[in-house]
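Chemist: Listed below, chain by chain, are the residues.
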Amino acid sequence: MPPAAPRSGDAIFASVERVNAELFTLTYGAIVRQLLTDLEEVEEVNKQLDQMGYNIGIRLIDEFLAKSNVSRCVDFKETAEVIAKVGFKMFLGVTASVTNWDADGTCCSIVLEDNPLVDFVELPDTCQGLYYCNILSGVIRGALEMVSMKTEVTWIRDMLRGDDAYELQVKLLKQVPEEYPYKDDE
Amino acid sequence: MIGVGKIKQYSNVLDKPLSKGKQEVSLSAFAFLFSELVQYNQTQVDNIAELERRLEDAGYAVGARVLELLCHRDKGNRRETRLLGILSFVHSTVWKVLFGKVADSLEKGTEHEDEYMISEKELLVNKFISIPKDMGTFNCGAFVAGIVRGVLDSAGFPAVVTAHFVPMEGQQRPRTTILIKFAEEVLQREARLG
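Those protein sequence lines, which keep their order, are chains A and B.
Quick note on my numbering: the first sequence kicks off at 1 and runs consecutively.
Quick note on my numbering: the second sequence kicks off at 187 and runs consecutively.
Think of the hints as simulated: they come from the structure by calculation, not from any bench.
Among these hints, one or two may not hold up.
As the list claims (entries may be wrong) - Not the full set, but computed from the structure, chain B residues with beta-carbon under 7 Å of chain A:
(1) V211
(2) S214
(3) L223
(4) A235
(5) E266
(6) L284
Cβ atoms here follow ideal geometry from the backbone N, Cα and C, with glycine treated the same way.
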């Protein structure tokens, strides 16, 4: 049987069950507020958000691969495109774009114009070092690690800090080949 | 210069236009996020009651904001002042906006005058959650109970709101009931208003 064709982000988003984005936004806000109250240090909160995102990412990748039918990406460029066009669309309902490729194709920027996590949000003066959407960087890092790519994800632009868009820099550190736990007996 | 477009920068979040509330995210994105919320809180507490309280507090903040948002956007800045009014607001409008459907039922408690119950066959937040036996009667619906408490409190109807599982005949998963117990002053005010 021929493999199923990969589905577009819009098609998948239309077929999954959806919830109101405001419930999602407000729940995320409640999480960040709880973390700020418990941890008090903005750096600690950033790390915790990244860790939570990582935990989500390692499970999210399974659902992503199951629903989207994408075939194995040939190179990192294709991976980034798939994350931006299919991944973001099917989970968050927004499309991102990929820009700023460096010379060897290992580092790029994913740009989000629209971000459902930050509706109604304003950073107070006491939290200026906070990367409010840091959970997204953890999600991408976790998901890519499960498909054998070690990456580093950092924020370049953040609208809550006055920039005009959200820009994440994804840098491929290395491809870790899959290790089988047993020897293949031919 | 004509033809040069620039996205308008809103310096103040209050100046941004309010969204219509039609945007959606996938259910799994919300489920993942909620599971992280519960897992994080599990690491911060020692017992079930604490965990329920923390989830409720998280929900309280959501509820307060939902009331503000809905009153402004959908109700034209009018707020319910009568008990039945606010209950049906929660049961219909709030549920419809947050969970996409009105709640399954709204009942008045038979034993006490100040108790009301909103029931739901399967709460959206509990959809992908299973409770291990050693956690007894813990219900992640405490988050939804917190949302309801937040809405009622901010609307001027202080109440104690809790979530309970009610096993149903012939159904594998128990029904969830949100029990609302209004404070004394609410009933007195309601009686005065006639």
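Chemist: Does each hint hold? Answer for all of them.
Modeler: Each hint, compared with the structure:
1. V211: With a minimum Cβ separation of about 5 Å from chain A (threshold 7 Å), the hint on V211/B holds.
2. S214: 6 Å, holds
3. L223: 5 Å, holds
4. A235: 17 Å, violated
5. E266: 20 Å, violated
6. L284: Holds, about 5 Å.
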